[in-house]
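Following the numbering used here, the numbering of the sequence shown begins with 199 at its first residue and continues without gaps.
Capping the alpha-carbon separation at 25 Å, the derived lysine-lysine pairs in PhoX-like fashion look like this:
(1) Lys449 with Lys459
(2) Lys333 with Lys314
(3) Lys482 with Lys374
(4) Lys492 with Lys459
(5) Lys494 with Lys374
Now the in silico label distances, taken between C-beta atoms and shown as ranges:
(6) Thr235 with Gln491: 41 to 49 Å
(7) Asn277 with Leu441: 24 to 32 Å
(8) Gln411 with Gly336: 53 to 61 Å
(9) Asp467 with Gln411: 52 to 60 Å
(10) Asn493 with Val427: 29 to 37 Å
Please keep in mind that the hints were generated in silico from the structure rather than gathered at the bench. In this text, a Cβ means the ideal position worked out from N, Cα and C, and glycines have one as well.
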Amino acid sequence: MTSDLIAGGVVAEPVRVRRLTDQEGRRLQQIVRRGSTSSVRYRRAMMLLASAGGNRVPVIAQLVQADDDTVRDVIHRFNEIGLACLDPQWAGGRPRLLSPDDENFVIQTATTRPAKLGQPFTRWSLRKLVAYLRKVHGRVIRIGRETLRGLLARRGVTFQRTKTWKESTDPERDAKLDRIEYVLENFPDRVFAFDEFGPLGIRPTGGACWAGQGRPDRVPATYHRTHGVTYFHGCYSIGDDTLWGVNRRRKGAANSLAALKSVRAARPDGAPIYVILDNLSAHKGTKIRRWAQKNKVELCFTPTNASWANPIEAHFGPLRQFTL
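Can you build the whole structure from these sequences, using the hints too?
Dropping the structure here:
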């Protein structure tokens, strides 16, 4: 891992994000895998997910095409304020007309269900919220819709549907994360990551490219699905910063074992290696465990519902965007 020199020539601890919560990990994984309309948000999410997976700062900088200092700044900012760092707030514009206390009241009102405030509707629109704030008994707040929209965005309040959530229930969560962090810090040249990415449909997909104005590249609107779906079985070398893999028709123990054998072949010296992977049943069958023990391969499983801890996850985003 990269380190920084501080006063006296002492080497500081490697720059890395703090341990993610399951909710933070899934959110970053979702942004990286599915993309984002904001390039800033997407690149910052990729930096954080890559750091959480144990990737070094120079590797992350190369992954997102940024300099090392930018990556370090984003990591430090996340450690200070969490996921709010995905949307940086740059200063500018005229002074605010609302006091901080007024702004807090607006945010509190916007995040309270209208029915609890005696209003006969189920959700706020900007127009309804502005009208309500102008007639609050004892505290009239005059604010326009665009100013309100900007305030909500600045405070990280967006209009969204209710979602489900889940936390890892793995009783060995901390022990597994500790082991992953230990091997990444102490044996980076002997650590690999493995995961499947898919299902991938073989179909024409509209992408993006440079083209003459008004003459975009085109793909057929109709197609015949003649190839079904595949799964990319990816392997990643932490020390070499190298990704490779094979597309398979399905997940399964045989395909997982073939991938693990390709990892073992990358270090043919017979010394122990470590492979980080999730706890899919196809990854931990008796045959795979027996082979791993015989060939000095330690399987470091991520906790249940915490696949974000796998270093390969951050590399699936660019893989999807540029090659698949």
